[in-house]
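Engineer: This is what each chain is made of:
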Amino acid sequence: MISKAQVSHVAKLARLEFNETELENFTSQLDKIVEFVDQLEAVDTTGVEPTTHISNAINVFREDVPQKEATRTELLKNVPEQADGLIRVPAIIEKEEGE
Amino acid sequence: MNYFDEDIASLHEKLVHKEITVRQLVEATFEQIEAKDEKINAFVTLNKAAALEKADALDAKGIDEATILAGIPLAIKDNIVTKGLRTTASSHILDNFEPVYNATVMDKLDAKDTITVGKTNLDEFAMGGSTETSYFGVTRNPWQLDKVPGGSSGGSAAAVAAGEVIAALGTDTGGSIRQPAAFNGIFGIKPTYGRVSRWGLMAFGSSLDQIGVLSRSVKDSALVLNAISGQDAHDGTSIDTAVPDFTAALGQSVKGMKIAVPKEYMGEGIDPDIVAAVKAAIATFEKLGATVDEVTLPYTKYAVPAYYIIASSEASSNLQRYDGIRYGFRAKDVHSLDDVYIKSRSEGFGDEVKRRIMLGTFSLSAGYYDAYFKKAAQVRTLIKQDFEKIFETHDLILGPTTPTPAYGIGEKITDPVTMYLNDILTIPANLAGIPAASMPAGFSKAGLPIGVQLMAKTLNETAIFTAADAFEKATTFHKQVPEFKGGQN
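So the protein sequences, as listed, match chains A and B.
Numbering follows full-length UniProt numbering, with no gaps: position 79 of the first sequence is 79.
Numbering follows full-length UniProt numbering, with no gaps: position 481 of the second sequence is 481.
Hints are supplied without guarantee of correctness; some may be wrong.
As the list claims (entries may be wrong) - Heads up, simulated DMTMM-like pairs for lysine to aspartate or glutamate below, C-alpha to C-alpha not over 20 angstroms straight-line:
1. Lys32/A with Glu98/B
2. Lys12/A with Glu98/B
3. Lys4/A with Glu352/B
4. Lys32/A with Asp323/B
5. Lys77/A with Glu98/B
What the hints assert, rightly or not - What follows is a list of derived Cβ distance ranges for each label pair:
6. Gly137/B with Pro50/A: 35 to 45 angstroms
7. Thr46/A with Tyr368/B: 31 to 41 angstroms
8. Ile58/A with Lys61/B: 15 to 25 angstroms
9. Arg62/A with His335/B: 16 to 26 angstroms
10. Leu13/A with Ala28/B: 34 to 44 angstroms
11. Asp95/B with Leu86/A: 39 to 49 angstroms
12. Arg62/A with Phe4/B: 23 to 33 angstroms
13. Asp415/B with Glu41/A: 16 to 26 angstroms
14. Asp146/B with Glu49/A: 31 to 41 angstroms
15. Pro66/A with Glu411/B: 24 to 34 angstroms
As the list claims (entries may be wrong) - Computed list of chain A residues with no C-beta within reach of chain B, every gap over 12 angstroms:
16. Glu20
17. Pro66
18. Asp84
These are calculated hints, taken from the structure and not from any lab test.
Backbone N, C-alpha and C define an ideal beta-carbon position, used for all residues, glycine too.
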């Protein structure tokens, strides 16, 4: 059984937030999905290597040569908030008393 | 101009001999889109001005006999980035995103002088099988407007089936080219993992995603796949091997070809009309001189749960980049950096994307990794070995593409597990990385298209093209035209 507390914890890891109704829905849906995927328990995988990629490549190297593929203006084109050619975000460090 | 009476070769002939200009072809394409798309909603964004400009440039220099794709209008799924042309993945979080670079497939098509007419609708971030999770509304099935077109490449499939374009690019992570091809009565191929560069494809499940083609004729898919295949320095998983001319596989005999039909693909849960169509396809291939045997893929029933863990885990990692900082939607009235992330993601993603991110984050989280992600990756090995064994003795695997024909809009969207089970026949090919295609193979009693799936071993797209082309020449299913039955529901 997946609990609401577990779902809240996972949501925090994933940088998502849910209101109470959404939390109820996601908990019951995820519970069903997890119950469904739990059928893998029935498969004997003793000694079976996991497959995490299916490319035939092992390591692909290239020379570390600087390349210029886009201008600063292009790269900033989709930035939602910016100023003076920089990306703008809310303050990261909270102000201390008396500062 | 009517796309139902044409293929790329016939259009090319007309362009070369100036029976039509590229501008006329592009204008005719937009006339089709403007007449039909209000019924089916296959496109998210149209590219009319740029398409006409490119048409004029091509007319000015003339279409050369040797460049068969030059001047051919194509539709592109909206999770493939197109420089200067809005690319949304059908998500609110990217609804204002204008890429500053091209996907490798777009550069390759540009080199062949194709014309991009627009970006087609999909399930948000390609997560779904019906286009119902798109932020831009559902696409409707041109055969019957109250049915889904399938997904996630539902817009591409519906646009081709409706005669709005001759061919389209799609992407396939768990069946997203083949299932909509089946639901719309057209051909669709997912090539071998690594055959086509994924650079510029918005990542969903990186070990599963592959770009492919949808078209009415087998030959048109071969022509487009020729153009987009090949190793790419920008994608380390693209395969370093020569790309054959896929059109050379056409017109070949299937005599002596060994075809395997897995009994797990023909059992419980498969609609009787679909079983009948698959049996008829088997009979056609036997008549053409192929031999058909029943085989077993014993781990088939574990493919769906293994896939949903693997694909969701990869998605939860890939979708971390959507944080409201560098591009895409940023939530208003946020006062801390963490809030930018949390509010932008919570307001920007739809529910299905959130479900996958949640399942993936859970599967990868401390204490659950071994039981979920690692277990699924081990089951993936067993599924892959199932296929390798069959391909030691057989050239192709044949079976249905989907358990049922297109279902009603709204019918399954509220029950994720039922929706996921619908992918049982297409997911195994992605887990194994093998090429697979769906070809038109009949109609249900209700008049909806049925697809038959062909799968081959890694890098053997040629066997699929040979068999699908022979089947197309022996049947008339691909010549049927949708009638836009029924109204809005």
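Engineer: Against this structure, judge whether each hint is valid.
Structural biologist: Cross-check of the supplied hints:
Restraint check: the Cα-Cα separation between lysine 32/A and glutamate 98/B comes to about 38 angstroms, which exceeds 20 angstroms; the hinted pair is violated. Proposed proximity of lysine 12/A and glutamate 98/B is contradicted: the alpha carbons are some 30 angstroms apart, above 20 angstroms. The hinted pair formed by lysine 4/A and glutamate 352/B meets the criterion: a straight-line CA distance of about 18 angstroms does not exceed 20 angstroms. With a C-alpha separation of about 28 angstroms, the suggested pairing of lysine 32/A with aspartate 323/B is violated against the 20 angstroms cut-off.
Using a Cα cut-off of 20 angstroms, the hinted pair lysine 77/A and glutamate 98/B holds, with the two alpha carbons roughly 8 angstroms apart. Remark: the range hint 35 to 45 angstroms for glycine 137/B to proline 50/A is upheld by a beta-carbon distance near 39 angstroms. Between threonine 46/A and tyrosine 368/B the Cβ separation comes to about 20 angstroms, which falls outside the hinted range of 31 to 41 angstroms. Separated by about 44 angstroms at the C-beta atoms, isoleucine 58/A and lysine 61/B break the suggested range of 15 to 25 angstroms.
Distance hint check: the CB atoms of arginine 62/A and histidine 335/B are about 42 angstroms apart, inconsistent with the given range 16 to 26 angstroms. As the Cβ distance of leucine 13/A to alanine 28/B is approximately 52 angstroms, the hint placing it in 34 to 44 angstroms is violated. Our hint of 39 to 49 angstroms for aspartate 95/B and leucine 86/A is violated, since their Cβ atoms are close to 24 angstroms apart. Take arginine 62/A and phenylalanine 4/B: their Cβ atoms lie about 46 angstroms apart, and the range 23 to 33 angstroms is violated.
In this structure, aspartate 415/B and glutamate 41/A meet the distance hint of 16 to 26 angstroms, their C-beta atoms being roughly 23 angstroms apart. For aspartate 146/B and glutamate 49/A, the hinted distance range of 31 to 41 angstroms is not satisfied, since their beta carbons lie about 47 angstroms from each other. A C-beta distance of roughly 54 angstroms is found between proline 66/A and glutamate 411/B, which places it outside the suggested range of 24 to 34 angstroms. Glutamate 20/A, annotated as away from the interface, keeps every beta carbon of chain B farther than 12 angstroms; the closest lies near 14 angstroms.
The claim that proline 66/A lies off the interface holds: its Cβ sits roughly 15 angstroms from the closest Cβ of chain B, which is beyond the 12 angstroms cut-off. Residue placement check: aspartate 84/A keeps its beta carbon more than 12 angstroms from all beta carbons of chain B (closest about 16 angstroms).
Consistency with the previously given hints fails for numbers 1, 2, 4, 7, 8, 9, 10, 11, 12, 14, 15, ordered from lowest to highest.
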